[in-house]
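**Q** For the protein sequence lines, the chains are A and B, in the order given.
Residues 1 to 259 in our numbering are what the first sequence spells out, letter by letter.
Residues 260 to 710 in our numbering are what the second sequence spells out, letter by letter.
Read the hints as simulated data drawn from the structure, not as lab findings.
Treat the hints with caution; some may be incorrect.
Derived EDC-like pairs (lysine to aspartate or glutamate); straight-line CA-CA distance at most 20 Å [said to hold, decoys possible]: (1) A:Lys238 x A:Glu181; (2) A:Lys85 x A:Glu56; (3) A:Lys202 x A:Asp233; (4) A:Lys195 x B:Glu690; (5) A:Lys4 x B:Glu708; (6) B:Lys525 x A:Glu14; (7) A:Lys109 x B:Asp594; (8) B:Lys278 x B:Asp594; (9) B:Lys507 x A:Glu135; (10) A:Lys85 x A:Glu14.
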Amino acid sequence: MKVKTIAEYVASGEKPEILFWVGCAGSFDARAKKVSVAFAKILSSVGISFAILGNEESCTGDPARRAGNEFIFQMTAIQNIETMKSYEVQKIVTACPHCFNTLKNEYPKLGGEFTVLHHTQLIQQLIEEGKLKIEGGEFKGKRVTYHDSCYLGRINGEYEAPRAILNELDTDFIEMDRKRENGLCCGAGGAQMFKEDEPGDKRINTERVEESLKTNPDIIAANCPFCITMLMDGLKAKEKQDDVMVYDISELIVQSNGL
Amino acid sequence: MSQIVFILLSIIVFGLAFKQFGAILKNIKLGREEIIDGDQPWRWQNVLLVAFGQKKMFKRFIPAILHLFIYVAFLMTQIELIEIFIDGIGGVHRFFADKIGLLYPVIISFIEILSLLAFVSTIIFLWRRNILKLPRFIKPEMNGWPKLDGNLILVGELLLIIGIFSMNGADVLLQKSDPAHYPDTGYLAVSSWLGPTLFGGFDVGTLHLIERFGWWLHILVVFGFITYLPYSKHLHIFFAFPNVYFAKKRSRGEMNNMPEIMNEVKSMMGLIEETESEMGDDIPEFGAKDVTGLSWKNILEAYTCTECGRCTSVCPANITGKKLSPRKIMMDIRDRAEEVGGKIRSGNIEFISDDSQEKNVLSKENFDDGKSLFDYISDEEIYACTSCNACVEACPVLINPLEPILELRRYDLLTNSAGPSDWLPMFNSIENGGAVWQIPDNRDDWKNELN
C-alpha cells in the first residue's frame, strides 16, 4: 500500500476523505512510528482514502504552548492552519491526543475550524458502522488493562471509544484503580516529556506503572505516543519490559486482524 | 438593656463585615478584566447542581455526606437566625412560636435533627484532621494558620450547636414552669428529650441562665463567624456560589489565547494588515507576574478555595513527592492579593514604582513593592505541572488551579526569557524544523515501514 500526501492527491485531481495528522511522535519516534503504520493499515483495510501532510506538517505547538512559549505555538499553529486551509482540509484524524486536543480545541480561536477525531473514535465508528470487523480470538485469555491519557480522557471526555474497542477485541479486561476522569497522568504532559523531573520521591510513570502492575496485565493498552514511551520506560525501570507489553489500541487491531 | 447591646453589636458586626468584604472585592478587582465564556442557562445549572447540589463533592462519598449535614444544618439555621434577630431587636421571646402553629415545631425539629447530625460530622471532621491525619490535611502548606483556621471553624461549629441545644433544651423545661414568658413550642425532636436529660431538676433561675447563655452563645458565634470569615478559608460558604456561576464554559483543553501574540505572528506572516506595531519598542508583560496580571476570576477562585486539598491529593506531581501543590498555588494567590490590596489601600507612596509618571497617588497601575507572585511560588512548583487537569476535575467548586500556573509560566518564558533550559532544544526544533525533535529524517519516512 502507498500512503499519499495531500499534495499528491491534489496533483491527481482527487480529494481524500480524511487527513491523517501523524504528529511529531508518529513521524519520528521509533516506537510511535509503528502506531502510525498500524493505523494506516487499518485505514487502508477499510478502504478509506486518507492523506498525510508529509513535510508540510509541523508540530501542532501543544508542548510549546503548555511550556509557556506562546510565540512558538502561534507560529507553528498558524502555519499549520494556513497549510490545511490551502488544501481545503475539513476532517482530521490523529493518533496523538495532544495533537487532537490542540487541533480541536485551540485552532478555532486562531482561525482553523476542522472536524477532528482521535483515531480510537474513528476506529470505534468504523466498527459500529460494520466497516471494520474485528476477528477475535487473538487476545482471548490475555489480561489487558487500559491507561486513559489525560488529553483524550479527562480533558476531552472520551473514555468509551477505547474501551468499546477493547471489548470488541475480546480481551480479559481489567480496570486500574485510577481510571476515566480519575485516571493518573503518565507524567509526559505539559511539556514534561522534554525536560527532567523536578526533585521528588519517584517518577510519575513509575507510580502509574506500579498501579497498572497491580492488575497483573499481559498488555497495557494506551492511546497516546507519549504515554506509551512513559509506560515502557516505567516498565523497564521495574524490569518488567519482557513480561508486560505496551500497545496502542490500533496495534491490537492489527495483531487481531493479521493486517 | 440587652436589646441595646444586641442592636449595637449587630451594627458593629455588620459595619465591620461591610468594610472587610468591600476590601476583598477590591482585592479581586486587582486582577485584570476578563469576559468569561458562558451563558445564563449553563451558569444557573452549575449554581444549582454544583454549588447548591454539591454534585462534585460526591466524588468522595464519606466526606460529602458529612459535609452535607453541616451544610444543610447551616442553611436551615438561617431560619432560626431570623427569629433570633427579631427577638434580639424587639426584646421578645420566640417571636414565631405562637404565630405559625404546627410549622414552628416542625421547622425547629428539622433544624435540631440536622444540628445533631452536624455535631457528629464536625467531631468526625476534627478527628480526620487531627487524629487520623488524612494526608491532604497535613501537607506543608497547611502548617500554622491554615491548620488552626480549619480547627477554629470546626470548634466554632460545635459551640454554635451547643448554643442551640442549651437554648432549646432549657426552654422546653421553662415552658412548663413559666408558660407566661416561654410560649409553648410544641414537641421538639431533640430538645424535648435532651433538655430534661441534661437540665432536669434545675431551678427556674438556672434554667433561665442556661437559656440566655445558649441564646447569646449562638448569636455571638454567628457574629464572630461573620467578622472572622474574611480571614478564613471558610469564605467558600459565600464565594462558592459566584465562583461556580462564573465558571468558564470552554473545553478544558483550551488555554487562554493571547490575541496580541497571535496578531503579531499573523502580521509577520502577512496574513493580516500590519497594524500600528502594537508591541512597539517595549515588550509588554505577557502572562502573569503578579496577581494584577491574573484575571479577576483567578483571584475570586483563590478566595473561594477552602483548602480541602482534593486537588493536591490527585496531582501527579504532588503524589510523587514534588513540591507542586495546586492548593498552595491558590492559597498563595490569595495571600498575595491580600498583601497587594493592603499595601495599595495604605496609600504609602513608597510603593509607587520608580518608573511611574504619577508620583503622588498610589494605585494598582503604579504599584511596585519589589515583590511578585514569584516570591510566593517557586519555579520548581510551576514547572512540575503536567497540565493533566486532575486538579480541575477534583475541585468541588470549579476552581481551576492550572490556569494561573500556565500564566506564570508564560510570564517566565516570554517576559523573563527564563524557564527550564531543557526546553530550549524543543523550542528551537519547532521553530526551525517544525518538530519537537531535531531529526534529519523526512516527516513521512515512517511510511517506508509499511509493507
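**Q** Please write out, lowest number first, the hints stated earlier that are contradicted by the structure.
**A** Hints 1, 6, 7 and 9 are the ones this structure does not satisfy, whereas the remaining hints hold.
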